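K.L.:
Throw the hints in and build the complete structure from the sequences for me.
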Amino acid sequence: MNKHKPQHELQHKQAFDEPLWWGLFSAGGVCFAVLLPAVILFIAVLLPLGLLPANALNYERASALLFSVPGFLFVGAVICLPLFHAAHRLRHGLFDISVGSDALNKKLMYGGAALLSVFALGLVIAGMLS
Amino acid sequence: MSTEQVNTNNTSTKHLSVKRYLPDNSAESYWQEYELPVDDSTSLLDALNHIKEQLDSTLSYRWSCRMAICGSCGVMVNGIPKLGCKTFLRDYEGDIRIEPLSHFPVQRDLVVDMAIFLEHLAAVKPYLIDDNPAKPYDPTAPETYQQSPEQLARYKQFANCINCGLCYSACPQFGLNPEFLGPAALTLAHRYNLDSRDHGKKQRMAELNRHEGVWSCTFVGFCSKVCPKNVDPAAAVNQGKVEAAKHTLIALFKG
Ligand code: SF4
Ligand code: FES
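Read top to bottom, the protein sequences are chains R and E.
Take the first sequence: its letters are residues 1 to 130, numbered as in my numbering.
Take the second sequence: its letters are residues 1 to 255, numbered as in my numbering.
Treat the hints loosely; a few may be bogus.
[Unchecked claim] In silico lysine to aspartate or glutamate, EDC-like type, Cα no more than 20 Å apart, as pairs:
hint, chain 1, residue 1, chain 2, residue 2
1, R, Lys-13, E, Glu-179
2, E, Lys-254, R, Glu-60
3, E, Lys-156, E, Asp-198
4, E, Lys-19, E, Glu-33
5, R, Lys-13, E, Glu-243
[What the hints assert, rightly or not] Quick list of simulated restraints, FRET-style, between CB atoms:
hint, chain 1, residue 1, chain 2, residue 2, range
6, R, Leu-51, E, Pro-149, 54 to 64 Å
7, E, Asp-131, R, Ala-120, 48 to 58 Å
8, R, Val-69, E, Ala-115, 52 to 62 Å
9, E, Asp-113, R, Pro-70, 55 to 65 Å
10, R, Phe-42, E, Leu-128, 49 to 59 Å
11, R, Leu-51, E, Ser-148, 53 to 63 Å
12, R, Phe-16, E, Asp-131, 49 to 59 Å
13, R, Leu-116, E, Asn-160, 41 to 51 Å
14, E, Pro-149, R, Leu-116, 43 to 53 Å
15, R, Ala-33, E, Leu-176, 26 to 36 Å
16, E, Asp-113, R, Ser-98, 15 to 25 Å
Calculated from the structure, these hints are not laboratory results.
On a predicted model such as this, the values are computed, not experimentally measured, just so you know.
Ideal Cβ placement from N, Cα and C applies to all residues, glycine included.
P.N.:
If you want it as C-alpha cells, here you go:
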C-alpha cells in the first residue's frame, strides 16, 4: 500500500527513464505517420518504377543530399526515431503476452534501437567526413 | 409514451446465464441458467432482482441507486463490463452471460473485492490540498473556493467518475499487474491537478510518475469505451503522461 510509504521511498521508485522512452516513442510515431509514407512512395515505389526524372536521385545527387546536415536530420527522423517507436511497442507487446522480463526487454529493445541508430548516424557522419 | 405502454411492450421470455460462486458449498464456480419474463423496460438489475425475489434467493450481487450514480452494480455482460441498472435486456438477443467484474477477486457470485481499487484511489490523494491558506475565522482571509466557469470546465468531465470500476475490468494492463494505479485513480489525480483551488500536484506527481503510475498505460482506450459516465479516463491518463514528463524534466533541471 503506497499511501503509507514515506515520500523518500516514493521518490526512490520514480520512473525517470520512462518519460524519455515515451518522448522518443511519440516523436517516432509522428515521423512514422508523417514522413515514412512519402519516403517509401518516392524511394521504394516511384524511383524503382522510373517515374522520377532520371537524375533526380542519381549517385552524386543522393550522396550529396544524404551526407549533409539535412541528411543527418533526415536519417534521424526516418530511421532513428521510428526505431525507438517500434522498440517501445515491442517492449510493451512482449509484456502484454508475458514474454521475458520487462527489465531485460527494455534493455534489449531500446538498446537495439540505440545501436542501430548509432550505426545509421555514424554512416552519415563517415560519409560527411570522407 | 405512457407507463402502461412501456410496461406491456414486447413482453417476452429471456434466458440469462449467471456465473455462480458459493465458496461455502464449493471452491468451483459454475454457470446457472434462468428463464424470466422481460419487457422493453427491464434492466439487467431488474432481472437480477426478479431472480432473487421469485426464482433463487441465494443469488448475491451489489446494487443501491438503480440510476447509474452509486457505481455498485457493475458486472460483465457477454464479456463487456456494464452497469446492471444502465443495461437493458431489450438490447440483447439469445443467451446473455452475466459474470462478476474481471480482474478483481470474486467474493461470492457477482460480488467482487474492490479493496485494491480503493487503495489506488486513496494513493493519489483525491482531495483538495492546501486549498485555503487562511486560518479558520480569519476576517482578513480571502474568499475561498472561488472558481470561474472556465476554471471549472478544465476538470469537470474528469470529475464525473462514480467509482464503478468498469474501466479496471476493461484494462488489460490492470489485469496483468494489479499494482497499476489504473484508469479511474489516474483520472482522479488529473482532475485534482487541474483544479485551480488545489496545490497538491507535486505530491500526486510522485505517485503518477512511477512504473505503476501513468507509465503502465499502453493507451488501449477500452476504459473510455466502457465508462458509463463518459469520463474518458484514457485521455486523462495520457494528459497525465505529458504532465509526468514535464515533472521529470523540471526535476532534472532543478537537480
Ligand atoms: S472512470 Fe468511468 S468506468 Fe472508470 S470508475 Fe469512473 S465512472 Fe467507472
Ligand atoms: S445501482 Fe447504482 S449504479 Fe447501478
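K.L.:
Which hints from the list above does the structure break, by number from lowest to highest?
P.N.:
2 and 12
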